[in-house]
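Trainee: What follows is each chain in one-letter form.
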Amino acid sequence: MNITSPISAQVIEELTVGTSVLISGVIYTARDAAHQRLIQALDNGEELPFELEGQTIYYMGPSPAPPGKVIGAAGPTTSRRMDAYTPRLLAAGIKAMIGKGSRSDEVKKAIKQYKAVYLATTGGAGALLAKSVRQIEPVAYEDLGPEAVMRLTVENFPAVVANDSYGGDLAEQARAEYKRE
Amino acid sequence: MKEIEASAITQAVARLCQEANFNLGEDVLAALKKAQKTEQSPLGREFLSQIIENARIAREQKLPLCQDCGTAVVFLEIGQDAHITGGDLNKAIEDGVRRGYKQGYLRKGIVSQPFSERLNTRDNTPAVIHTEIVPGDRLKIAVLPKGGGAENKSRLGMLLPNDGKQGIIELVLKTVAEAGGDPCPPLVIGLGIGGTADKAMLMAKKSLLRKVGQPNPDPEVAELEKEVLTRVNALGVGPMGFGGSTTALAVHALVSPTHITSLPVAVNLQCHSARHKEVTL
Numbered sequence: 001m002n003i004t005s006p007i008s009a010q011v012i013e014e015l016t017v018g019t020s021v022l023i024s025g026v027i028y029t030a031r032d033a034a035h036q037r038l039i040q041a042l043d044n045g046e047e048l049p050f051e052l053e054g055q056t057i058y059y060m061g062p063s064p065a066p067p068g069k070v071i072g073a074a075g076p077t078t079s080r081r082m083d084a085y086t087p088r089l090l091a092a093g094i095k096a097m098i099g100k101g102s103r104s105d106e107v108k109k110a111i112k113q114y115k116a117v118y119l120a121t122t123g124g125a126g127a128l129l130a131k132s133v134r135q136i137e138p139v140a141y142e143d144l145g146p147e148a149v150m151r152l153t154v155e156n157f158p159a160v161v162a163n164d165s166y167g168g169d170l171a172e173q174a175r176a177e178y179k180r181e
Numbered sequence: 001m002k003e004i005e006a007s008a009i010t011q012a013v014a015r016l017c018q019e020a021n022f023n024l025g026e027d028v029l030a031a032l033k034k035a036q037k038t039e040q041s042p043l044g045r046e047f048l049s050q051i052i053e054n055a056r057i058a059r060e061q062k063l064p065l066c067q068d069c070g071t072a073v074v075f076l077e078i079g080q081d082a083h084i085t086g087g088d089l090n091k092a093i094e095d096g097v098r099r100g101y102k103q104g105y106l107r108k109g110i111v112s113q114p115f116s117e118r119l120n121t122r123d124n125t126p127a128v129i130h131t132e133i134v135p136g137d138r139l140k141i142a143v144l145p146k147g148g149g150a151e152n153k154s155r156l157g158m159l160l161p162n163d164g165k166q167g168i169i170e171l172v173l174k175t176v177a178e179a180g181g182d183p184c185p186p187l188v189i190g191l192g193i194g195g196t197a198d199k200a201m202l203m204a205k206k207s208l209l210r211k212v213g214q215p216n217p218d219p220e221v222a223e224l225e226k227e228v229l230t231r232v233n234a235l236g237v238g239p240m241g242f243g244g245s246t247t248a249l250a251v252h253a254l255v256s257p258t259h260i261t262s263l264p265v266a267v268n269l270q271c272h273s274a275r276h277k278e279v280t281l
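Read top to bottom, the protein sequences are chains A and B. For the first sequence, position 151 matches number 151 in our numbering, and the numbering has no gaps at all. For the second sequence, position 44 matches number 44 in our numbering, and the numbering has no gaps at all.
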């Protein structure tokens, strides 16, 4: 299924676990260090470096772009490290997250509550995923180096719906299906 | 006595850091292609084909396989009759890591003081260096860039002697099931059994240098490796943790004698990007 980011509420309703998607549009990178700063800004009532409402966050810190390339390797990092911050960001308006691995029960609950979606992409496929990144612009926290917030323009970025707005959980369902003995 | 120039060591380490990050080993690729044929989950097969395609792109375009270019773990086997000249050995290795990560546009992922400051050292140093003195006059250098996602799921079990083989299997199953997709399966599972806590951990890491799926020469250990692999692949975790029959490509165990009261078991997980290269000077 081809989808555009930011992802509309209507499309989120159509996304159910196990659906493969190709994402085109704008996504923002943020890892744990950037999450911590975003939460601090929210706590202090400060202006955020970008409008969170409706946005997609990609848990990614790229390798440096070699000459002639838009970006270096650009695969996902472990989503679990962001779990402590995610319910707060969902409450503040983000609608989709891209990463690898499973989420905590609190995050799964918040995804359902705020009608959002968690998309998983292929960990360790940094060279392949870099092909889908067309443009990269720094947004905030540049002192964090690869962990800074960046706005990416992507085209046909592959992912799969891992947690949907109905409470569906792909890892749990699929593991039960393939467990033997 | 053979003389080895420190500058040659720096050059070798710089090259190995880049080769390891760009070129997935043929043994790993063969294991992934084999898994693609046997994997039961269609989504699992899709993940495997992306991983295989990723290796092709990385090799052709000299892009890192993964944006996490790892901690540079360096294993040295120094012949007792070798003489290193023209500089300090450890500095020569750090210089090699610094140069390799810069030249290769590899991500610098090491932070200083780990529990407070956490400032990026910006050149991926320091490396983690393990040195062994061996007979002969050569120097063998192996570089294993180790990603954080998989390393974070390491576990040490100080089992009771009577826990035996069953205890070892249960510890691995628990470790892999709880880790789920986080360490980027399909995995290579490194096991260090025996010795002391520190020795077990080092053996587990060192076992990852072996060619994927090459069994331990001791038939009893090889049998354990096989049994653990079968049990792990029955967990259903699958490629990237989203279900399937390929959770691990191989289990590598190293075993050592231990104390009468102990059964140390170290589990070190290696993601599918099982990167390591070596050279003998």
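Hints are computed from structural coordinates only; laboratory data are not their basis. Please read all numbers here as calculations on a predicted model, not as lab measurements. C-beta: ideal position from N, C-alpha, C; glycine also. Be careful, since some hints might not be right.
[Stated by the list, open to error] With a straight-line Cα cutoff of 20 Å, these simulated EDC-like cross-link-like pairs (lysine to aspartate or glutamate) come out:
#1 Lys131(A) / Glu46(B)
#2 Lys131(A) / Glu223(B)
#3 Lys102(B) / Glu13(A)
#4 Lys69(A) / Glu172(A)
#5 Lys108(B) / Asp32(A)
#6 Lys179(A) / Glu278(B)
#7 Lys174(B) / Glu142(A)
#8 Lys165(B) / Glu223(B)
#9 Lys37(B) / Glu177(A)
#10 Lys69(A) / Glu53(B)
#11 Lys131(A) / Glu170(B)
#12 Lys62(B) / Glu132(B)
#13 Lys91(B) / Glu132(B)
#14 Lys69(A) / Glu46(B)
#15 Lys108(B) / Glu13(A)
#16 Lys108(B) / Glu177(A)
#17 Lys91(B) / Glu227(B)
#18 Lys69(A) / Glu177(A)
#19 Lys112(A) / Glu155(A)
#20 Lys174(B) / Glu172(A)
#21 Lys179(A) / Glu178(B)
#22 Lys179(A) / Glu46(B)
#23 Lys179(A) / Glu227(B)
#24 Lys112(A) / Asp43(A)
[Stated by the list, open to error] Label pairs and their in silico Cβ distance ranges:
#25 Gln36(A) / Glu178(B): 35 to 45 Å
#26 Gly148(B) / Gly167(A): 47 to 57 Å
#27 Lys165(B) / Glu46(A): 54 to 64 Å
#28 Thr19(A) / Lys165(B): 40 to 50 Å
#29 Ile260(B) / Lys109(A): 27 to 37 Å
#30 Lys109(A) / Gly148(B): 23 to 33 Å
#31 Gln61(B) / Ala176(A): 37 to 47 Å
Trainee: Just pull the numbers of the violated hints for me, sorted ascending.
Mentor: 2, 3, 4, 6, 7, 11, 12, 14, 15, 16, 17, 18, 19, 24, 25, 26, 29
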